[in-house]
Amino acid sequence: VSVVETGAVEALWARCHEPLLRYLARYTGDADAAADIAQEAFVRLLEHAPEEDVARPWLFRVATNLAHDAARTAGRRRALVMSGRAMLSHSDPPAAPDRAIERARARAALATVLGELSPKERMALLMREEGFAHHEIAAAVGTTTGSVGTLLARALRKAAHRLRSTQEES
Amino acid sequence: MTHLNDAQILLLIDHPPEPGSEGDDARRHADACDRCSAGLARMREDAALFTGWLDAAAFEAGIAPAATAPVIRPRRPTRWIPGGWLRAAAVLVAMAAPVVAMPSGRAWLAAKLGGDAGSPTAAVQSAPAALTTPSVIRFEPTGGTLLLTLDAVQAAGSVAVRHGTGIEAVLEITGDAGMGPVVSGGGVRIRNDSGSRAGYTLLVPGSVRRVTVRIAEGAPVHLDEAALRAGATVSAAGR
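Those protein sequences? They're chains A and B, same order as listed.
Residue 1016 in the numbering used here sits at position 130 of the first sequence, with consecutive numbering throughout.
Residue 85 in the numbering used here sits at position 83 of the second sequence, with consecutive numbering throughout.
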């Protein structure tokens, strides 16, 4: 039964919109782009009406694909303003300078770490942070439940190793 | 039982098995095995470290509250239609509407986000007002110097320059800065006006050794590395 037929879209919105925004902000490094992509992903959900029981991972997979499309477009434009991995967003709330530096530093480090992961690893790791079960992550990244654990563990180990190095350097 | 692999260890962390269930064998093994319990502890540390950095980065901090607050709107009032046959047609259309008038995804989304411009009535529940947010400009300084120019002496406001390693060059503008900034190879020009009260925070990476702030026709202020490290502030309202 499709998510639209059951009228579950409202519930899905309530449950998923904020986690999806957070996931996309982390995935793209850009909160403004995340908001746009999340909206488009929900539009696609309504248009394609996936089965209700897979709608949540479906939404995240489509949003991830949209993020890749957006990154390609941005890459072609190569604008100086808002280019590449954004450090801060246009809509960032004001922060004390020290806090802003701290946040910028963390974003730079994570941008490097996440950029070194494969798209599947990055997607899986950030979906895990949103509380997805391993079988849901597997469905979203297009692998088996058996192998998604290996993918996640490898990604986590790589990310943690890199972040520890960053901590030691600073 | 053989030692647990990384996937099994992560599964124990993410989906702890019920006591006595099939997966509980792995947990019992980890409890009894030094090597696997060490692996479990290491994986927990890795996961906590990654989550901690994500929290510190707060990528999601810039998401406007309005985007997360669904807005409930009242129904559009029914319009009176003159003429008997027109009224009959209106009834037929109204009956068919639930069947044929499935709202497009974009229309539904516009309503969710409070962007339904066609609604004749005000929203019942307004989304929270967005915070006063700074504009954030990123740029790439060339060489070790950076020039920040303000076209006019402002009514109020200041330029705070902050120096740090591991960051990119970013200019945050809080408040109305007139026509907006122009980014050039060597720095940023702010096309402000004399009535502006905007504030500026310039974050510069460690590779930048010298920042020059020029305000209108005034003498440029040169900030060397020591001044940058100390966190210099220059008044945008003249001296």
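Hints were generated in silico from the structure; no laboratory data involved.
Ideal Cβ placement from N, Cα and C applies to all residues, glycine included.
Incorrect hints may appear among the rest.
[Claimed, not checked] With beta-carbon atoms standing in for the labels, derived distance ranges:
(1) T1036/A with D27/B: 18 to 24 Å
(2) D178/B with T1030/A: 50 to 56 Å
(3) A232/B with H1021/A: 50 to 56 Å
(4) A1019/A with R37/B: 45 to 51 Å
(5) T1036/A with E47/B: 37 to 43 Å
Now for the hints, and whether the structure bears them out:
Take T1036/A and D27/B: their Cβ atoms lie about 19 Å apart, and the range 18 to 24 Å holds. Remark: the range hint 50 to 56 Å for D178/B to T1030/A is upheld by a beta-carbon distance near 55 Å. Judged by the Cβ atoms, the range 50 to 56 Å given for A232/B and H1021/A holds: they are separated by roughly 54 Å. Hint check: A1019/A to R37/B, Cβ distance near 27 Å, so the stated range 45 to 51 Å is violated.
Between T1036/A and E47/B the C-beta distance comes to about 19 Å, which lies outside the given range of 37 to 43 Å.
Going down the numbered hints, you'll see the structure goes against 4, 5, while the others check out.
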